[in-house]
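The chain contents come next:
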Amino acid sequence: MRLALLSDLHANPGALQACLAHARRCGATRFAILGDLVGYGAEPVPVLETVMELAGRGALVVRGNHDTAAQGEPATGGTGEHLAAAWTRAQLAPRHREFLASLPLTASIADALLVHADPYDPARWQYLDRPALVGRALGAAQRQWGASKVFCGHVHQQQLYYRAADGHPMAFAPVPEVPVPLAAHRSWLAVVGSVGQPRDGDPRAMYALFDVAQSRLSFHRIAYDHTAAAAAIRAAGLPESFAARLERGR
Amino acid sequence: MRLQEGSVIDGFVVGPRVHAGAMAEIYRVRYDGGRPDPGFPMMMKLPRMGGGEGAENLVGLEVEHQMLQALEGPHVPRFVAAGDMHRLPYLVMEYIEGRTLQQMLDEMSPLQRRPAAADIARWGRAIALAAHSLHRQNAVHLDLKPANVIFRADGSCVLLDFGLSWHAHYPDLLAADLRPAIGSPAWMAPEQVVGVRGDPRSDIFAIGVMLYELATGELPFGAPATPGGLRQRLWMDPSPPRALNPQVPPWLQEIVLHCLESTAANRPPSAAHLAFDLGNPQQVEVGARGLRTRRTSFSSQFRRWIRAAGLHYEPSPLPAERIDEVPIVMVAVPHRDTSDAVLYGLRQATRRSLGIRPGARLACVAVVDPDPQAEEAAVHRYHSERLRQWCRGIDLHDRQVSFHVLQSDDVAGALLTYAEANQVSLIVIGAATHGLALRRFIPTVTARVAAEAPCSVLLVKDAPPFALLRQAAAEAA
Numbered sequence: 005m006r007l008a009l010l011s012d013l014h015a016n017p018g019a020l021q022a023c024l025a026h027a028r029r030c031g032a033t034r035f036a037i038l039g040d041l042v043g044y045g046a047e048p049v050p051v052l053e054t055v056m057e058l059a060g061r062g063a064l065v066v067r068g069n070h071d072t073a074a075q076g077e078p079a080t081g082g083t084g085e086h087l088a089a090a091w092t093r094a095q096l097a098p099r100h101r102e103f104l105a106s107l108p109l110t111a112s113i114a115d116a117l118l119v120h121a122d123p124y125d126p127a128r129w130q131y132l133d134r135p136a137l138v139g140r141a142l143g144a145a146q147r148q149w150g151a152s153k154v155f156c157g158h159v160h161q162q163q164l165y166y167r168a169a170d171g172h173p174m175a176f177a178p179v180p181e182v183p184v185p186l187a188a189h190r191s192w193l194a195v196v197g198s199v200g201q202p203r204d205g206d207p208r209a210m211y212a213l214f215d216v217a218q219s220r221l222s223f224h225r226i227a228y229d230h231t232a233a234a235a236a237i238r239a240a241g242l243p244e245s246f247a248a249r250l251e252r253g254r
Numbered sequence: 027m028r029l030q031e032g033s034v035i036d037g038f039v040v041g042p043r044v045h046a047g048a049m050a051e052i053y054r055v056r057y058d059g060g061r062p063d064p065g066f067p068m069m070m071k072l073p074r075m076g077g078g079e080g081a082e083n084l085v086g087l088e089v090e091h092q093m094l095q096a097l098e099g100p101h102v103p104r105f106v107a108a109g110d111m112h113r114l115p116y117l118v119m120e121y122i123e124g125r126t127l128q129q130m131l132d133e134m135s136p137l138q139r140r141p142a143a144a145d146i147a148r149w150g151r152a153i154a155l156a157a158h159s160l161h162r163q164n165a166v167h168l169d170l171k172p173a174n175v176i177f178r179a180d181g182s183c184v185l186l187d188f189g190l191s192w193h194a195h196y197p198d199l200l201a202a203d204l205r206p207a208i209g210s211p212a213w214m215a216p217e218q219v220v221g222v223r224g225d226p227r228s229d230i231f232a233i234g235v236m237l238y239e240l241a242t243g244e245l246p247f248g249a250p251a252t253p254g255g256l257r258q259r260l261w262m263d264p265s266p267p268r269a270l271n272p273q274v275p276p277w278l279q280e281i282v283l284h285c286l287e288s289t290a291a292n293r294p295p296s297a298a299h300l301a302f303d304l305g306n307p308q309q310v311e312v313g314a315r316g317l318r319t320r321r322t323s324f325s326s327q328f329r330r331w332i333r334a335a336g337l338h339y340e341p342s343p344l345p346a347e348r349i350d351e352v353p354i355v356m357v358a359v360p361h362r363d364t365s366d367a368v369l370y371g372l373r374q375a376t377r378r379s380l381g382i383r384p385g386a387r388l389a390c391v392a393v394v395d396p397d398p399q400a401e402e403a404a405v406h407r408y409h410s411e412r413l414r415q416w417c418r419g420i421d422l423h424d425r426q427v428s429f430h431v432l433q434s435d436d437v438a439g440a441l442l443t444y445a446e447a448n449q450v451s452l453i454v455i456g457a458a459t460h461g462l463a464l465r466r467f468i469p470t471v472t473a474r475v476a477a478e479a480p481c482s483v484l485l486v487k488d489a490p491p492f493a494l495l496r497q498a499a500a501e502a503a
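Protein chains in written order, with this note's numbering: chain G, 5 to 254; chain Z, 27 to 503.
The set of hints was computed from the structure by calculation and includes no laboratory data. Hints are not guaranteed to be accurate.
Claimed, not checked - Quick partial rundown of chain G residues pointing at chain Z, CB under 10 Å, derived from the structure:
{"no.": "1", "residue": "A22"}
{"no.": "2", "residue": "A25"}
{"no.": "3", "residue": "P50"}
{"no.": "4", "residue": "E53"}
{"no.": "5", "residue": "T54"}
{"no.": "6", "residue": "Y166"}
{"no.": "7", "residue": "A168"}
{"no.": "8", "residue": "M174"}
{"no.": "9", "residue": "A175"}
{"no.": "10", "residue": "F176"}
{"no.": "11", "residue": "V179"}
{"no.": "12", "residue": "V182"}
{"no.": "13", "residue": "A187"}
{"no.": "14", "residue": "A188"}
{"no.": "15", "residue": "W192"}
As the list claims (entries may be wrong) - Residues of chain G placed beyond 10 Å of chain Z at every Cβ, according to the derived structure:
{"no.": "16", "residue": "A94"}
{"no.": "17", "residue": "R99"}
{"no.": "18", "residue": "A169"}
{"no.": "19", "residue": "A236"}
A virtual CB, placed ideally from N, CA and C, is assigned to each residue, including glycine.
Produce the entire structure from the sequences given, and follow the hints as far as they go.
Right, dumping it as structure tokens:
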């Protein structure tokens, strides 16, 4: 069974469809959405419709900070983010808001924990960008959920952390398309990157594919029409920086 | 735990035990139930689980599993299967028939006579080519030693035991912030001693230690058992091989000591460069390093010891990237029906192709017709001198250059064979879009080289106005 891991869609349906199509071509039969379905992007409704349909057919979906903000709680980040959250809220129908409100903070599949940001305190949206924080996250996942693998998003870059020979978490920058075996006797934390808003200088969408039977994880970069996504942001009157970000990938 | 011969594990019938080492035991195996073997003999490797080193051996097996699945080519045993790490960890892989360098060394020692330099160069070249094949796949062995190098009957070399290896595409399971250096003390490179993993030049250092052993019967840095003893190689020069065995020719000592330089940047920049030197001893530029017969003086060793205390190593880029930065560039220099413009264009293209990094090397090649009337050495001298003169216009910035005159009536074939045998990274060749005699002949050579080359080919056109003017003049005349 192959599980597609998609995070930080950010109201970008073009990027989402491109990743889903690639995952299906690679044999994915299950889907997990790791949060931040909305925010930044100009097309939250098509993204929500797609995700709600996937969820109806068994996809696992967890909630991110932007999903929480779109329900009315204040968003993290600058005033641009606040305005965008208010804009997003106005686009959504009640059933979309209900769907977002119904999302759990975590989900489990086999020995893996799915979470948007940090399993140590899922609602605090901590960026896992340092090995020390990853060590705390791996410990929490093991203690609270008995999980030896954590799949998450939030940080818009792909990264794989593992416990090295001396027990300390080490960061590894994955090479796209190369399946890495995740041995069951080790603990792993994979940041699958962002579908809808890459921030590493490459505008292509990111997602990851986990082969559950063989326990192998591959990271992917998928080209999509990011110009159209940026044009939609400008047309909606959202901040110019959100559009430029998609074009630069940064 | 010793496996019973004839017992069956996960569909493999256990055969005789062929090796029992400190880390692992090795058994020959075949498929159960009369299933035919995969086209090669197989062996099963089981880690030793007793004592305190069980966990470490298990990680080694995990690393080797990762490596064997990722690597390909004739210099690595083929992977067959792996056992469950929780239940019964093992690896099944190709059993290589041949003799390890360790076996060869063991047979030599009582005789007290060292092998001929030409034999050492041949074996060393085979090992370097095997290492290069690994480095091109983004991997570094990091535990090359005589027991892990095996020669098939055809003289080619296969590398064994990837338990300490490193691959740029996979997390390094052996990485750690604080731990003693891992590796085999006698062959370990200085940067490994301070914890750097992933530099292909560490393998070149290990090959240098093996060449030293072959040439002198001794280990250049002994087999230290303490961290202090290991650190000696950060600053200490070994005795020159010629001090221990006067039969060692200067070119071999030059190559061996080049590999054993304590700073990785001072070693041959890639295993292909090393193989090139070992395959072309007459082209090795012998310097003071090759001629020395005494050890470095105490005072200069002492200065280096001071410096080693603050030793700093640059982080290593991916092996394949590093190899691309230090290409072996081969330029085919025409020797007739040519013009100054063509030769100038070739020089310009060659200079650019060498890139900005030190370490790239240039091989100037001319293919000449075999002439039964002429004395071979004279032909060789004449064309080598022509190549040298052509090359004088290129600012080489101390990069190595060599000159090769190949006698063959098949120009393209000779160029291709040369490029293949020497792991050339780039062929620079004139596209020959001008001239009268050339139009019929050279384009077919160029086209064949471009189509069949094992590497990239740079086709060099000379500036058209000059060529056209000359052509018009020739036609008028």
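Do the hints match the structure? See the list:
| no. | hint | verdict |
| --- | --- | --- |
| 1 | A22 | violated, 24 Å |
| 2 | A25 | violated, 25 Å |
| 3 | P50 | violated, 36 Å |
| 4 | E53 | violated, 38 Å |
| 5 | T54 | violated, 32 Å |
| 6 | Y166 | holds, 5 Å |
| 7 | A168 | holds, 5 Å |
| 8 | M174 | holds, 6 Å |
| 9 | A175 | holds, 9 Å |
| 10 | F176 | holds, 4 Å |
| 11 | V179 | holds, 5 Å |
| 12 | V182 | holds, 5 Å |
| 13 | A187 | holds, 6 Å |
| 14 | A188 | holds, 7 Å |
| 15 | W192 | holds, 9 Å |
| 16 | A94 | holds, 45 Å |
| 17 | R99 | holds, 43 Å |
| 18 | A169 | violated, 4 Å |
| 19 | A236 | holds, 36 Å |
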